[in-house]
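So the chains spell out like this:
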Amino acid sequence: MTRELHFNEAIREAIDQSMEDDPSVYIYGLGVPDPKGIFGTTLGLQQKFGPDRVMDMPCSENAMTGVAIGSALAGLRPIITHQRVDFALLSMDQVVNQAAKWHYMFSGQKSVPLVIRMIIGRGWGQGPQHAQSLESWFAHIPGLKVVAPTTPNDAKGLLIASIRDNNPVIFFEHRWLHNITGEVPEERYTVPIGKGKIVMEGSDITIVTFSYMVLESMKAAEFLKKRGIHCEIIDLRTLRPLDTGLLLTSIRKTGRLVVVDNDWKTGGIGAELVSVVAENEIRCLKESPRRIGFPECPSPTSPVLSAAYYPRAKDIVKTVMQVMKREIRDDEIPSMHSGPVDIPDASFTGPF
Amino acid sequence: MLYIRLVEEEIARVYPEQEIRCPVHLSIGQEAIAAGICAHLSSDDIVLSNHRSHGHYLAKGGSLKRMIAELYGRETGCCNGKSGSMHLIDISQGFLGAVPIVGSCIPIATGVAFGTKLKKKDAITAVFFGDGTVEEGVFHESLNFASLKKLPIIFICENNFFSVYSPLSVRQPPGREIYSLAKSHNIESFQGDGNDVLEVYQLMKKAIEIIRSGNGPVFLELKTYRWREHCGPYYDNNIGYRTEDEYNAWKERCPIGTFTRYLVSNGILNDAGIEDLTREIMTNVEEAFAFARESPFPGPELLMKDIYRS
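Heads up: the protein sequence lines correspond to chains A and B, in order. With the working numbering as the guide, the letters of the first sequence map in order to residues 1 to 352. With the working numbering as the guide, the letters of the second sequence map in order to residues 1001 to 1310.
Among the clues, some could well be false.
[Stated by the list, open to error] Ranges of calculated distance between the beta carbons of each label pair, as one might list FRET restraints: (1) B:D1122 with A:G50: 19 to 29 Å; (2) B:S1043 with A:L285: 57 to 67 Å; (3) A:V341 with B:P1167: 36 to 46 Å; (4) A:K265 with B:D1044: 29 to 39 Å.
The hints are simulated quantities; they were obtained by calculation from the structure and are not laboratory data. Remember, predicted model here, so these are calculated numbers, not experimental data. Cβ coordinates follow ideal geometry from the N, Cα and C atoms, glycine included.
If we strip away everything but chain A, and leave its shape as in the complex, we get (with noise of 0.2 Å):
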């Protein structure tokens, strides 16, 4: 049985559903009881669950990560919450050098089944140190395990799949997708980790991308459809591990990949995807692989340099355009974006 969820609040279903079923599940982060709920995500956790199992922590991203890690090891499964991916760089010791390797370094004798949710700051001006999103450094990682739904559906299913999961999983929500509503089933249930999603069937050019960036591309690929051109757009929904057979089913098919990245694009996630194709399937390509990401410099705040800074479906408009060398005039596409760009909608009133 299905219905209209927020994606916030199908985070939060897959929190409260897993708290349910597994007595060992229990969260904590900076305002995670706060009256907001963390964007609405874990409103009325801590009412129900209580203090023991719904907390908030001091100021120590370090220390805090660590601490989930032992009490990984003590039996719990632990949830952290950064509201910001900008505040984890502080735990990165913990999370890259002692949750992603203990499984390995001590041999298989004790797990760590964490989950780390980071949200990627965007709009109204977060600025350079409140809106980095920095996937690849954390897709680098053998030992961990890297997802970033875009639908409602998956946030729900990938989010109780990295609960359950006995390993580190680092679970990127991007905040323009809270406000975003999709079908989402009332029971439990998962969204395999390592599997992407054809969202758009095409055969002219494949589009691969991932988190809000999805939405783009399809606006982007609605307008394309209207001048015949027929893109196959692949959520990738997990980066670590790729699915990179979807991905190179989808090249042998089209011969042509732009990727859309949501981070800047030297050594992005894109640069991955680039190499596995020219790995594998460099015949099968009729045109240079393209790579669409954030410009070389942090995040500006101003809502003119931050119009200049993100690419948007206008942007993959073009890029899709010349791949399939085709000419097109900047005044022929639309913006695809109504009200202000430094806001996904009206409801985003800033400033957080």
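Once you've looked at the hints, dock chain B against the given chain A.
Chain B in isolation, oriented as in the chain A frame:
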């Protein structure tokens, strides 16, 4: 203590053979701390440690054969040869792991204590670290949280005055005792002579009483001295960062020598007894080293195993 000493000396003796091919940070000179602390702990209690963990591992009852085999990189090692001296583990004895990033074991141990408390278990957690560690931010973060939640954990700082070659004087302000840092986190803290095994034993006894009464955590600063170089089997008292005189002064206060004299003068032990003990320990030591040398190396199929748990 003698057990730890003889094992470590054997490692030092064979190290130049270059068959132990991983960094080793020996516990020689610091044995009283491991012995006095772990004497109170059962296999249900948990210990975590750092790169200098051989003494803690052995005092906690860790398997000697699996430790030496791990140093030799063999499949029979406690980590199947994957990790070496800096990552010992023996879960059956409650030695939950050692990791060498300075400070990293502290929040993890704090988390074990937190999980233990949430699950309403009785186990005590103890974590060992050195004087350099108290300079890491994560140390203070962990103590803050442990104090906030009154966790059943004992923090043990082995202050041996050096962080590799750097003396305390270039790292910490003068006139500030390490255990006062823990006091400022509202944690019951004590300082003691880490080379006096009876004093260590009594301090740990007090610490456990405090924990059992629900007033944890507890912090112990125990002063001691590392005899050999930071990493490796040799002595390095003449390369300039410390003096032979300083070393000799601490050697006079050898934890084993001191305790042996005490036992002998109180009629608890005699020369024959010392000989018997030494012989018994050396038999086990020789067996363990032979076991390691005769064990197979891990096959290449182990390379990609256990990255994830299914």
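Going through the hints against the structure:
no.: 1; hint: B:D1122 with A:G50: 19 to 29 Å; verdict: holds (22 Å)
no.: 2; hint: B:S1043 with A:L285: 57 to 67 Å; verdict: holds (60 Å)
no.: 3; hint: A:V341 with B:P1167: 36 to 46 Å; verdict: violated (57 Å)
no.: 4; hint: A:K265 with B:D1044: 29 to 39 Å; verdict: violated (53 Å)
In this structure, the hints that do not hold are numbers 3, 4, in rising order.
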